[in-house]
Structures are given as structure tokens and as C-alpha cells.
Amino acid sequence: MKKIEAIIKPFKLDDVKEALNGIGIKGMTVSEVKGYGRQKGHKEIYRGAEYIVDFIPKAKMEIIVDANQVDEVIETICQAANTGKIGDGKIFVLPVEEVVRVRTGEKGKEAI
Amino acid sequence: MLSDRPNKQAGEQVFSGMVQTVINPQDFTDLRARRQALDAYWQQDISGYALVRKHSDFIDHHLAESFEKNAPAGEGFALIALGGYGRQELYPFSDIDLMLLYDPAQKDELNSLVEAILYPLWDTGLEVGHAVRTLDECMVDATEDFFFRVAMLDARLIAGSRTLFDKLSEMYKALYIDGKRQEFLDDMLEQRAKRETRYGRHAYLLEPQIKESCGGFRDIQSMVWTAQVVFGLKGLAALQQAGILSLEELKKFEEAQDYLVRIRNRLHYVSGRKNDQLFFEHQEKMAEAFGFKNEREMLAVEHFMREVYTHMQTVSVTTDLFFEHVEEVLGSDEIPKAVKVLESGIEVRHGKIRLANTELIKSEPKLFMRLFYQSAKTGNPLHFRTRKAITANLHLVDDKLRHSRRSSKLFLAILVTPRPFRVLEEMLDTGFLTSYIPEFAEVESLAQHDVYHIFTVDRHLVQTVNELEKLREEESNIYAAVSAPHVLFLAGLLHDVGKGLGHGHAERGADLVRRISERMGLEKEDIDTLEFLVGNHLFLSNTALRRDLEDEEFLMRCATKIYSPEALAMLYLLTIADARATGPTVWNDWKGALLLELYLKIALLLDRKDLSGHEQARGTELGAQWIREKVAGLLPDANKTNFNLFSDDYLLSFPPEVIVQHIAHAKNLGKQDVLFFHEQSRESWSILVISKDRPGLLARIFGILALHNLNVLAAKIFTWADGTAVDAIEVSSAISETYDGQDWAVMENELHLAIKQRLGLEHRLSRKLAPLRGNPQGAKKRLAAKATIDNQASELYSVIEVFSEDRVGILYDITKTLSDFGINIYRARIGSKADQVVDVFYVLDYDGKKIEDPVFKNELQQGLLYAVSNA
Numbered sequence: 593m594k595k596i597e598a599i600i601k602p603f604k605l606d607d608v609k610e611a612l613n614g615i616g617i618k619g620m621t622v623s624e625v626k627g628y629g630r631q632k633g634h635k636e637i638y639r640g641a642e643y644i645v646d647f648i649p650k651a652k653m654e655i656i657v658d659a660n661q662v663d664e665v666i667e668t669i670c671q672a673a674n675t676g677k678i679g680d681g682k683i684f685v686l687p688v689e690e691v692v693r694v695r696t697g698e699k700g701k702e703a704i
Numbered sequence: 024m025l026s027d028r029p030n031k032q033a034g035e036q037v038f039s040g041m042v043q044t045v046i047n048p049q050d051f052t053d054l055r056a057r058r059q060a061l062d063a064y065w066q067q068d069i070s071g072y073a074l075v076r077k078h079s080d081f082i083d084h085h086l087a088e089s090f091e092k093n094a095p096a097g098e099g100f101a102l103i104a105l106g107g108y109g110r111q112e113l114y115p116f117s118d119i120d121l122m123l124l125y126d127p128a129q130k131d132e133l134n135s136l137v138e139a140i141l142y143p144l145w146d147t148g149l150e151v152g153h154a155v156r157t158l159d160e161c162m163v164d165a166t167e168d169f170f171f172r173v174a175m176l177d178a179r180l181i182a183g184s185r186t187l188f189d190k191l192s193e194m195y196k197a198l199y200i201d202g203k204r205q206e207f208l209d210d211m212l213e214q215r216a217k218r219e220t221r222y223g224r225h226a227y228l229l230e231p232q233i234k235e236s237c238g239g240f241r242d243i244q245s246m247v248w249t250a251q252v253v254f255g256l257k258g259l260a261a262l263q264q265a266g267i268l269s270l271e272e273l274k275k276f277e278e279a280q281d282y283l284v285r286i287r288n289r290l291h292y293v294s295g296r297k298n299d300q301l302f303f304e305h306q307e308k309m310a311e312a313f314g315f316k317n318e319r320e321m322l323a324v325e326h327f328m329r330e331v332y333t334h335m336q337t338v339s340v341t342t343d344l345f346f347e348h349v350e351e352v353l354g355s356d357e358i359p360k361a362v363k364v365l366e367s368g369i370e371v372r373h374g375k376i377r378l379a380n381t382e383l384i385k386s387e388p389k390l391f392m393r394l395f396y397q398s399a400k401t402g403n404p405l406h407f408r409t410r411k412a413i414t415a416n417l418h419l420v421d422d423k424l425r426h427s428r429r430s431s432k433l434f435l436a437i438l439v440t441p442r443p444f445r446v447l448e449e450m451l452d453t454g455f456l457t458s459y460i461p462e463f464a465e466v467e468s469l470a471q472h473d474v475y476h477i478f479t480v481d482r483h484l485v486q487t488v489n490e491l492e493k494l495r496e497e498e499s500n501i502y503a504a505v506s507a508p509h510v511l512f513l514a515g516l517l518h519d520v521g522k523g524l525g526h527g528h529a530e531r532g533a534d535l536v537r538r539i540s541e542r543m544g545l546e547k548e549d550i551d552t553l554e555f556l557v558g559n560h561l562f563l564s565n566t567a568l569r570r571d572l573e574d575e576e577f578l579m580r581c582a583t584k585i586y587s588p589e590a591l592a593m594l595y596l597l598t599i600a601d602a603r604a605t606g607p608t609v610w611n612d613w614k615g616a617l618l619l620e621l622y623l624k625i626a627l628l629l630d631r632k633d634l635s636g637h638e639q640a641r642g643t644e645l646g647a648q649w650i651r652e653k654v655a656g657l658l659p660d661a662n663k664t665n666f667n668l669f670s671d672d673y674l675l676s677f678p679p680e681v682i683v684q685h686i687a688h689a690k691n692l693g694k695q696d697v698l699f700f701h702e703q704s705r706e707s708w709s710i711l712v713i714s715k716d717r718p719g720l721l722a723r724i725f726g727i728l729a730l731h732n733l734n735v736l737a738a739k740i741f742t743w744a745d746g747t748a749v750d751a752i753e754v755s756s757a758i759s760e761t762y763d764g765q766d767w768a769v770m771e772n773e774l775h776l777a778i779k780q781r782l783g784l785e786h787r788l789s790r791k792l793a794p795l796r797g798n799p800q801g802a803k804k805r806l807a808a809k810a811t812i813d814n815q816a817s818e819l820y821s822v823i824e825v826f827s828e829d830r831v832g833i834l835y836d837i838t839k840t841l842s843d844f845g846i847n848i849y850r851a852r853i854g855s856k857a858d859q860v861v862d863v864f865y866v867l868d869y870d871g872k873k874i875e876d877p878v879f880k881n882e883l884q885q886g887l888l889y890a891v892s893n894a
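Keeping their order, the protein sequence lines are chains U and F.
With the working numbering, the residue at position 86 of the first sequence is 678, and numbering never jumps.
With the working numbering, the residue at position 686 of the second sequence is 709, and numbering never jumps.
Each hint should be verified, as a subset may be incorrect.
Unchecked claim - With a straight-line Cα cutoff of 27 Å, these simulated DSSO-like cross-link-like pairs (lysine-lysine) come out:
id, chain 1, residue 1, chain 2, residue 2
1, F, Lys614, U, Lys682
2, U, Lys652, F, Lys614
3, F, Lys363, F, Lys274
4, F, Lys297, F, Lys77
5, F, Lys663, F, Lys653
6, U, Lys677, F, Lys739
7, U, Lys626, F, Lys275
8, F, Lys739, F, Lys809
9, F, Lys872, F, Lys809
10, U, Lys595, U, Lys682
11, F, Lys400, F, Lys274
12, U, Lys626, U, Lys677
13, F, Lys547, F, Lys584
14, F, Lys363, F, Lys297
15, F, Lys385, F, Lys375
16, U, Lys652, U, Lys682
17, F, Lys809, U, Lys677
18, U, Lys626, U, Lys699
19, U, Lys701, U, Lys626
20, F, Lys584, U, Lys677
21, U, Lys699, U, Lys618
22, F, Lys614, U, Lys677
23, F, Lys779, F, Lys791
24, U, Lys626, U, Lys595
25, U, Lys626, F, Lys663
26, U, Lys609, F, Lys547
27, U, Lys595, U, Lys609
To be verified - In silico negatives: residues of chain U with every beta carbon more than 12 Å from chain F:
id, residue
28, Lys601
29, Lys604
30, Asp606
31, Met620
32, Val625
33, Glu642
34, Asp646
35, Pro649
36, Asp663
37, Glu664
38, Ile666
39, Gly679
40, Glu689
Just so you know, the hints here were simulated from the structure itself, not pulled from any lab data.
Backbone N, C-alpha and C define an ideal beta-carbon position, used for all residues, glycine too.
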């Protein structure tokens, strides 16, 4: 099992969610995060006032899938989240040791 | 022990007068069947007070029997109910507060009696609060414990010695009531204030606490207790007879009280424990129990919660008024302060605005608004009797008053006072707001069954005004662009007025506010803005989250929709206020950052037209004036600086410290022809060129940049009135983002040469760029190129906009072409997004005029298109 963490542009969240639903991914955890990578923050000056945007708002989604689904999920996210511009985001894949469903105690694949 | 209790008749004979309701023994047979019995009553439509009374009787009955069986004969013991049980109000899971009062001489018998009485209660799982005290102990405890002192007010004898009980009542009265009116009131108010801090000022929170929240049972009890202690009035009816409540107030209050009792009853059942908070998850079940059905536009639960909030509001307002009354009565021996007459019929005394005579309002309905206006103007709240007079006479708020220009002028004036929120709250609480703006009735106490909205719609609207009040200071920079604050505040107050009418509340609201503001006689311009703000109050928040903020074309459409910087500033402030007034989960930094980004992007686009339209010019002026003052404050020799040199848009484009630097640098222009500065910021460089303006200056600068592999990211080009050109350009390396081999010295030298016309830019560039041109993709992209010349956008200049694909040297080609046509560039905004360039130039022709001649215009357009396409 793997955990896929995708940092994407907030406005792409619905698109990505739908695309993932389309390939049978039913569950995910989504959070509002801030950070920066190559897109860096920037400074805006408007009417004499400085607005510093050092951390850029992004959406983070976390999805646990079976190892053989990883490639498909990554590809789906890339396609749906792509705008071709800087700041489109990143995807991380991490190993997951165990999954347990709290209500039933089921483990592993069954619990995803 | 209780199952073999003697028959009911016997019990009643002994304790006649205490067990008033005949309990049908068939309904239950045991203390353990208590809940089933209560449920059966509810099914029989016995609810509210009747039900809690039955419950209390039921427990009385059992306790009396068990006391009778176990207590020794004589006057040694009295079994007393306290608190809610003392008032005969026993909810399904309420604590049963008992006190066994005993004569110290009988101490030996005490233990066995206590056990005999309490054990069966415990065995059934009832929550029992019990205490065993002598008369003396009672007095000591009452002194120390406020809650016990108050609980004693409701003490009621269940069984045992009447003599002992009467003795207790006398001692209590002598020690804690007679002559202790002020102390009692102070304690009561202190507890009330504590509850307010803990449970919030409003009952309108998502999950109201029926007992402790504002407008809950504690408020009712505090009023009843205080009436009893201070005025010796027992019960609500007595308050009405004494003239403290009007008949109508009493009726409404009793209705509210009974409703709350029914809710609490049911709530204990639904939650299966002693729970007095209407938790989200119980609300639907409660609505069902109260017989509400889902309707087309409104959920059953929303109907139900609306009733809850309405009744709690009644309790809250009535008790507020009552306590102000008591405070005044008790405080009346203070030295009366002078009355100050504010205007005919309205005066202020002890910091409260009041009618000189409450009858006045009947003949002078204009006083309604005058009162609120004086309250807003002076910051003094309205006296409670005046508030009562307003509520009692709301039927006089008629169409004539609603159409009165005088009243609407005052209403708008209230909105722009420093603290309109408090006054609007008073307007809402007295019912005046809904009478004056009848459209408000649809949203009064309207609940929204979701986890985001913690307030009812009417409270949310008033709360939005509160947030706008704060934003006026927090976002003073942006607020400075608002020249019609009354429109912004009115939009805050009315933006959700279309709720309660079904889907599409923003559009419905826009229609309603047009009607409202026309009735109030607002200027046409204001009405349009208001309609726009209400109709689009969700636009920014929806857009910031759901749209690509890099999409230049989309941003352009936004800018067109939100036609002016002022409208944008208002919409932005309204959006933040709305979100913050909705609930703690709706607004956060994350959304704030996205919204700010959207705001700035649209603002920059709108600013390109900021010389058009007088409204915008005004906002710009205010902002520029502020910068001017800042700059003057930072300059060591401000009086030697001629501020007329700087245009408003120049001042608004840089922070004051940077403008100060520009001024300092420019002093060196006499010694040097061209001043050049560069500074690294993150992955780009900021370049500043200051020079005497001359034809083709910009083209030469851009040419040099292209020659040195620098991409222009953004540029701000200005010319001071004395002909000093100040060009601030953001560049990045075309080689790689992190390239650090830039030879600035060589570049500066070449810049000097180029400006002095000693460098052949044309051939150097042509040679350098040759390998890059003729890119086969070029032909396809070239179609996108566009050049427009607009004489409407700015009063003083022709505005040229060039859209094209980005490539090295393109700015040189554009500016060179302009220079060839003898065009002077006074201001420019260069923006390249992704691979698209949108460049805007504010220009005049060779003679210092706008480019009006259609033939020349066309020629110039063709020239520009050729320049950007000629790859």
C-alpha cells in the first residue's frame, strides 16, 4: 500500500477529485495548506501599500491506494491538475505499513 | 420497598396541598417506570409545564411515602425540595435537589432516614443532589454559596415538619432578603455577566444552550428571583399587575417560556441524558418531534430552529429590559444628574438616550429614527423605557415613514457613524429594523441548518456590519478607495436579505435592495452600486477558490464585470466581512491569501483605466494624498521638494520609502546623465533607471536588456513633470532562473552608450537574435497578436495595449516602433504571464496630443502588429 500526497492549485481540487472518482478512488483526505517551492512568494504593491505573499495557498490531498494503482492515480492527478504554468504542484508517494478501519478492525487492503 | 407502598389515597391525605395532580396508578407501577410514564403523557399531548409538573408530582409522591414510612414522629425533620425541583419543574433527566433539614436533637435518627429516602432514588439511577443541614448550617452555607442562596428562594416542603420549614423561611428572609435588595441584584447581574462571557451574548449560536445561553432558562429564573427579592412579586402575572410587563409582553414571554420548557423536556429524551444544549445532531429529531415538516423552500429543522431563536430572543429582550428597570429603581437614590436636551422631545440622562415623554412618539413618528440617530451620534444607548415605547408603537411605522427622505437620510447617516453595529442591534431587538425595512422579516431569526452559519440570518447581517466596522481600520489602505461608505455598510446589512425566499439568494437580494434603496431615495449611482454588491457578494470568494488566478483573460473579464477600483474595494471588504460574520470555520488565512491575490490582480487591471470616471479619480486622489504625506514625513528636506512633480499614479505605484529613494537619486542627475541601479530579489532583479526623458529612451533600455539576455517580467515607467524619467523594471535571466554570471558593469556601460546614441542596438540585436527567429511555431502563435489604441480609457493619454506571444526582444521592438512614430511614452505597465505579453502604454503623439487621427491610428496599429509578428 502506498500513500499518495499531492499538492495542487486550490482551484483544481474539484477537477482532480472528479478525475479520481472516475478511476474508482472513493476516499481521500483534503486540507488547506500553504507553502512555497519554485513558485516562491512574491510582493505586490498596490496604491502604495505592500502586500507580501510569502507562502502560497495550495490544496493537499492524501490518498491511500494499493501499490498497483499508484501509476494510474499519479497520471490522473497530473492530467487533471496541469495548467502548464509554474506552481502546478507536486506529488509524493510514500510506503504505508498498515491500514486499520477503526469501526470493524479490518486491516490492509480491505480497510482502504 | 416502594413497590409495596400504601395506596395513593393515604399518601394524599397526609400531604394534602402538596400533591395536586392525581397520578393514575395504571400509567406506571414503579419509580423505575418513571420515564415510560412521562413518555405516555407526551403522547397524550401533555407537554410544557404540565409535563414537568407531573414529573415533579410523581417524585413528590414517592418521597412523601418513603419519608412517612421511615421518619420518626414529631417535628424533628423536614424534607425540602430546592432549585428546579422546588419550583415543581422537573425535566426527565434533571437533578433532584433535596435537603433534609433536621433538629440537632434528633441526630441519632438521621442516618437511617437518609438512607431510607435516598437509596431507592439512587437505585433507579436518578441524579440526586442532596444535603443534610441544621438551621444554623443552612445560614452558614447560604452566606458562602451564592447558588445555594438562590436555590433557597424556591424551597418547598415535601414532607415533615411545617414548623421547621417555616422557621427556615423566616431566618432566610431576615438574613438574605430584607434590606438586601441591592446586594442580591449585584450578585444576579454578576452571574448574568459571567454566563454571557461563557455562552456568548447571543442565543443565535448554531447550538444554543437552552438553560444557560442568553434567552435561556437562567434568564427567566433570574428575572423571577429578582422580582421576588426586589419587589416582593411572585410569578410573572404579578409582574404584569405591577405594570413592569405589559399584557402583550407577558403573553409573549409566557408563550416563549412554555415553548422552551417543551424543548427541554423533549431534548432530555432525545439525547437520553441530562443535556440542555440543542446539539446539531439533535435538531432534526427535535423538529420532527415538534411536528415540523420539510417544505419546498425550508427544512423542517430550519422552521423549528427559527421558532427556538424567536422565543429565546423574546426572553432575552424582555429580561434585558427588566434588569435595566430594576437597576434604575434601585439606583434612584443616586444624585440625579442633569438632563441634557438633545433636540425637541429627546434627551440624555445618566448616559441613556430617552424620550422626554414616551407618549410623544405616538404623535411624532419621525422620532423613531431621530432616537436611533441621536444614539448613534452620541454613542449612548437608548433607555429601556424608550425601547419599550418603540416596540409598543411599531404599528406607527408606516409607508409614509418608510418613504420619508428625512428618515432615510438619518438611517444612512447612522450607517456611517464610527459604530453603527450597536445601533443596528438595538434596531433589530426593538423590532424597528424589520418595521422600517419589511423585507427584513423574511430573514428574522432564520436559521440555516449547516455547520458553517453560527448566526441566524438577521444576526449575521448585523454582524457583517460589525466586521465592516473593524475592517475600516484594519484595511484602511483599501478602505481609502471607498468614497460612498453608506453604500458599503448598507450592502453589508442587506446582502443576504434574499435568503428565506429560496435558491439564488444573491440575485433575489439584488432585486430587493433595489426596491429598498429606491424607497429610501438613494441616488441612482448608489442604487446601482448597491445592487451590484448584493448581487455579486459571493463572486470573489467563489472565484478565488475555483478559478485559475493566472488566467489573464478571465481576470480581464472580472475587471470588466467589476467596473471600478472602488466597486472592487467594496466587494472585497464585503466579502471578508461576510465570511468573518458567518462563523469561525469559514474565514482563515488560507482563504484570505487567495482572496487578496485575486483582489490585487483585478485591482491592477482596473487601475489601467484609473483616470476615467470621476468616482475612481476620487479614490485615487485620497490614496495619493496619503502617500504624499508619508513621503513628506520621510524626507529630511520635504519643504524643498516640489510635490507637484509627481502624478497620483506614480505615487500609488511604489511604497513611500522607495519614492524617497527615487527623489534622493534624482538629485545626482546633474552630475550624471543616466543613473542605473540593480538589486537582486529572490530569483529576479529589480532595475532602476533614472534619466532625463528623451525620445526612444525606453526602447534603448529594453534593447540593452534583450542584448544581455534579460527577460522583462514587469515594468513601471513614469515621467515626472520636470521630465525626469523613472523606470523600474523587474527582470530575470533568460538563460536560467538561477544564472548568476550577469555582468552588470558591462551592461551599465553599454546602457550609457546606447542612451547617448553611441551604440548600434539595431544591428547588434539583429545578429544576436537571428538564430532564435524563424521558429516554425511562430506562424501559428502570431495569430494571437493584437494591438488596440483606446482614447476613452484615460482622460489625458491614448492607451495602447499590445497582446502578443512572448519572445526575447519583443519590448524593444514595440517601444522602438513607438519611438519611430514619434510617440512619447509617459507610463507603461508590462506584464508577461506565461507565454503571453500584455503591455499597456500611456502615450501622446509628437505634438503632445492624443492619437485621434484615424489614418495615423491605423498606421500605428499596423506598425505595432508588424513589430510583434515580425519574428
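Do the hints match the structure? See the list:
1. A C-alpha spacing of about 21 Å is found between Lys614 of chain F and Lys682 of chain U, which places the hinted pair at or below 27 Å, so the restraint holds.
2. In summary, the hint linking Lys652 of chain U to Lys614 of chain F is supported, as the alpha carbons are separated by about 14 Å, within the 27 Å threshold.
3. Restraint check for Lys363 of chain F and Lys274 of chain F: the C-alpha separation of about 36 Å exceeds 27 Å, so the hint is violated.
4. The suggested pairing of Lys297 of chain F with Lys77 of chain F holds, with an alpha-carbon distance near 18 Å, which does not exceed 27 Å.
5. Only pairs whose Cα atoms come within 27 Å are accepted, and Lys663 of chain F paired with Lys653 of chain F is accepted, the gap being roughly 15 Å.
6. Between Lys677 of chain U and Lys739 of chain F the CA atoms are separated by roughly 24 Å; this keeps the pair inside 27 Å, and the hint holds.
7. Straight-line distance between C-alpha atoms of Lys626 of chain U and Lys275 of chain F comes to about 52 Å, which puts the hinted pair past the 27 Å bound.
8. Simply put, Lys739 of chain F and Lys809 of chain F have alpha-carbon atoms about 21 Å apart, close enough for the 27 Å limit, and the pair holds.
9. Straight-line distance between C-alpha atoms of Lys872 of chain F and Lys809 of chain F comes to about 23 Å, which keeps the hinted pair within the 27 Å bound.
10. Between Lys595 of chain U and Lys682 of chain U the CA atoms are separated by roughly 14 Å; this keeps the pair inside 27 Å, and the hint holds.
11. Between Lys400 of chain F and Lys274 of chain F the CA atoms are separated by roughly 35 Å; this puts the pair beyond 27 Å, and the hint is violated.
12. In summary, the hint linking Lys626 of chain U to Lys677 of chain U is supported, as the alpha carbons are separated by about 18 Å, within the 27 Å threshold.
13. Of the pairs offered as hints, the one joining Lys547 of chain F and Lys584 of chain F holds, with about 19 Å between alpha carbons and a cut-off of 27 Å not exceeded.
14. At most 27 Å may separate the alpha-carbon atoms for a hinted pair to count; Lys363 of chain F and Lys297 of chain F exceed this at roughly 52 Å.
15. Proposed proximity of Lys385 of chain F and Lys375 of chain F is supported: the alpha carbons are some 21 Å apart, at most 27 Å.
16. Proposed proximity of Lys652 of chain U and Lys682 of chain U is supported: the alpha carbons are some 10 Å apart, at most 27 Å.
17. Pair hint Lys809 of chain F plus Lys677 of chain U holds up; C-alpha atoms about 23 Å apart against a cutoff of 27 Å.
18. Taking the CA atoms of Lys626 of chain U and Lys699 of chain U, the gap is about 33 Å. The hint is violated against a cut of 27 Å.
19. The straight-line distance between the Cα atoms of Lys701 of chain U and Lys626 of chain U is roughly 31 Å, outside the 27 Å bound, and the hint therefore fails.
20. Of the supplied pair hints, the one linking Lys584 of chain F and Lys677 of chain U holds, its CA atoms being roughly 26 Å apart against a limit of 27 Å.
21. Taking the CA atoms of Lys699 of chain U and Lys618 of chain U, the gap is about 17 Å. The hint holds against a cut of 27 Å.
22. Distance check on the hinted pair: Lys614 of chain F and Lys677 of chain U sit about 21 Å apart at the alpha-carbon level, within 27 Å; holds.
23. Between Lys779 of chain F and Lys791 of chain F the alpha-carbon distance is near 21 Å, which keeps this suggested pair within the 27 Å criterion.
24. A distance of roughly 20 Å separates the Cα atoms of Lys626 of chain U and Lys595 of chain U; the hinted pair therefore holds under the 27 Å criterion.
25. Our distance criterion of 27 Å between C-alpha atoms is broken by Lys626 of chain U and Lys663 of chain F, whose separation comes to about 47 Å.
26. Between Lys609 of chain U and Lys547 of chain F the CA atoms are separated by roughly 45 Å; this puts the pair beyond 27 Å, and the hint is violated.
27. As the CA atoms of Lys595 of chain U and Lys609 of chain U are separated by approximately 16 Å, the hinted pair is consistent with the 27 Å bound.
28. Listed as outside the interface, Lys601 of chain U is inconsistent with that label: its C-beta sits roughly 7 Å from the nearest C-beta of chain F, within the 12 Å cut-off.
29. Not every CB of chain F is more than 12 Å from the CB of Lys604 of chain U (nearest about 8 Å), against its label as outside the interface.
30. Not every beta carbon of chain F lies more than 12 Å from that of Asp606 of chain U, the smallest distance being close to 7 Å; the non-interface claim is violated.
31. At roughly 18 Å from the closest C-beta of chain F, the C-beta of Met620 of chain U stays outside 12 Å, upholding its exclusion from the interface.
32. The beta carbon of Val625 of chain U sits about 8 Å from the closest Cβ of chain F, which is not more than 12 Å, so the claim that it is off the interface is violated.
33. For Glu642 of chain U, the requirement that its beta carbon stay farther than 12 Å from each beta carbon of chain F is not met, with the minimum near 5 Å.
34. Look at Asp646 of chain U: its CB is around 10 Å from the nearest CB on chain F, not clear of 12 Å, so calling it non-interface is violated.
35. Consistency note on Pro649 of chain U: stated as away from chain F, yet its beta-carbon is not over 12 Å from all of that chain's, at 5 Å minimum.
36. The beta carbon of Asp663 of chain U is kept farther than 12 Å from every beta carbon of chain F, the shortest such distance being approximately 27 Å.
37. Distance check for Glu664 of chain U against chain F: the nearest CB is about 25 Å away, which clears 12 Å, and the non-interface claim stands.
38. Remark: the non-interface label on Ile666 of chain U is consistent with the geometry, its nearest Cβ contact in chain F lying 22 Å away (cut-off 12 Å).
39. A Cβ of chain F approaches the Cβ of Gly679 of chain U within 12 Å, the least distance being about 8 Å, so the stated non-interface status is violated.
40. Annotated as non-interface, Glu689 of chain U keeps its C-beta farther than 12 Å from every C-beta of chain F; the closest such distance is 31 Å.
Of the numbered hints given earlier, the model fails hints 3, 7, 11, 14, 18, 19, 25, 26, 28, 29, 30, 32, 33, 34, 35, 39; all others are met.
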